[in-house]
Amino acid sequence: MGLIRLLVFGFLGLSVVYLAVSFYSRSIRREKLEDRWAEDHPDDRDSPERETFIEDGMTEYQNGIRPKLILLVYVIPAILVVLTLFMTNAN
Amino acid sequence: MAYVKNTIRIVLFLVFGALFHYVLPQHDVVRVTGTEIIRMDFSSMNRIFFAQADSASAELATRDIRLLNTVKRKTFLLGFYQREAEGVMVYRNEDTGWIWPPYFKFDSSDLQAEALANVSTPDNEQWVKITHYGWRNRFFTVYPNAIAITPIDGPEVRIIPWFNIFFFGFLIVGLLFMRAMWRQFRERTIDPAMEDAGDAWERVDAHADQARGRFGRWLDSWRGKR
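So the protein sequences, as listed, match chains A and B. Read in order, the letters of the first sequence are residues -3 to 87 in this note's numbering. Read in order, the letters of the second sequence are residues 32 to 257 in this note's numbering.
Next comes chain A alone, as it looks inside the complex:
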């Protein structure tokens, strides 16, 4: 019973962390793309080209390795639990 509770609530809690981190990571990436565009085109604030540049950059980010690395949010605590389980109970 305890194990099921741990799995359910652990999954819910880590999902909150996962969503927050991926939202943050996307936000950072979009800001960087905007800044890069602003560097090259200082007086362009909302042209269709700027929009395509940013959307392309975001698609590239989504298909890259970084969003998948955020899944470590689930993996690392699971490893820590197994490690603690072993360290506490092995003698």
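Since the hints were made in silico from the structure, they are not lab data. The reader is advised that the hints may include incorrect statements.
Unchecked claim - In silico EDC-like links for lysine to aspartate or glutamate, alpha-carbon gap of 20 Å or less:
| no. | chain 1 | residue 1 | chain 2 | residue 2 |
| --- | --- | --- | --- | --- |
| 1 | A | K28 | B | D222 |
| 2 | B | K160 | B | E145 |
| 3 | B | K160 | B | D59 |
| 4 | B | K105 | B | E187 |
| 5 | A | K64 | A | D42 |
| 6 | A | K28 | B | E218 |
Given the coordinates of chain A, work out where chain B should sit on it, guided by the hints.
Relative to chain A, chain B alone:
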């Protein structure tokens, strides 16, 4: 306002300080003098300071508790400064199970056997390092829970709390990360939304002024010319 803020800060610091002091592992240098099993009849005063029945066992209102009787080296400053003085200390030895605190301890019986295997007698002193969490309180009959027992050569050992060092390190990193996330969220999501709302309000205001102008002129038309 600063007074309220400071009060909240101090209360938060004390609450989290107490929580960490209760839950994080600490190391004691002790001699085990014996083990004991007593029946505990919990009340609402001390129930939360005990874990639950052994893993996979039924939870009843009263149950037996394993205790470790020891003589402990006293310390100052949360165990950082060792003293020559000794005093008795009693630990409980309970499964923490899957949930809280997250030690995932299931081996209470083995730990009891380990303690008995390292029992100290007056002419053959056996020192061990006990890792534990929790508090001893005589008024509420509360015992710290022993997690691990490691035999050591003598009472003069230097114990470095690696786990706590890493724990607080990660805690600080995590808090800084959370702050960065919050700032990013405010800068990119809340502030633009607030600006939009501000713009919308200005438009409403301007429209109201205009309407007021029309209404005022209509009202004036009823007044006599001055």
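Query raised in the report: Can the restraint linking B:K160 and B:D59 be considered satisfied, given a maximum Cα separation of 20 Å?
Result: Between B:K160 and B:D59 the Cα gap is close to 6 Å, so the pair holds against 20 Å.
Query raised in the report: Given the proposed pairing of A:K28 with B:E218, does the C-alpha separation stay at or below 20 Å?
Result: It holds: about 14 Å lies between the C-alpha atoms, which stays within 20 Å.
Requested in this report: Assess, step by step, whether the Cα of B:K105 is no farther than 20 Å from the Cα of B:E187, and give holds or violated.
Outcome: With Cα atoms ~12 Å apart, B:K105 and B:E187 stay inside 20 Å; holds.
Requested in this report: Take the C-alpha atoms of A:K28 and B:D222, compute the straight-line distance between them, and say whether it is at most 20 Å.
Outcome: The given pair, whose Cα atoms are some 18 Å apart, holds under the 20 Å limit.
Query raised in the report: Between B:K160 and B:E145, is the straight-line Cα distance small enough, at 20 Å or below?
Result: Satisfied, since the Cα-Cα distance of roughly 12 Å is no more than 20 Å.
Query raised in the report: Between A:K64 and A:D42, does the CA-CA distance stay at or below 20 Å?
Result: Violated, at roughly 31 Å.
Hint 5 from the earlier list is the only one contradicted by this structure; the remaining hints agree with it.
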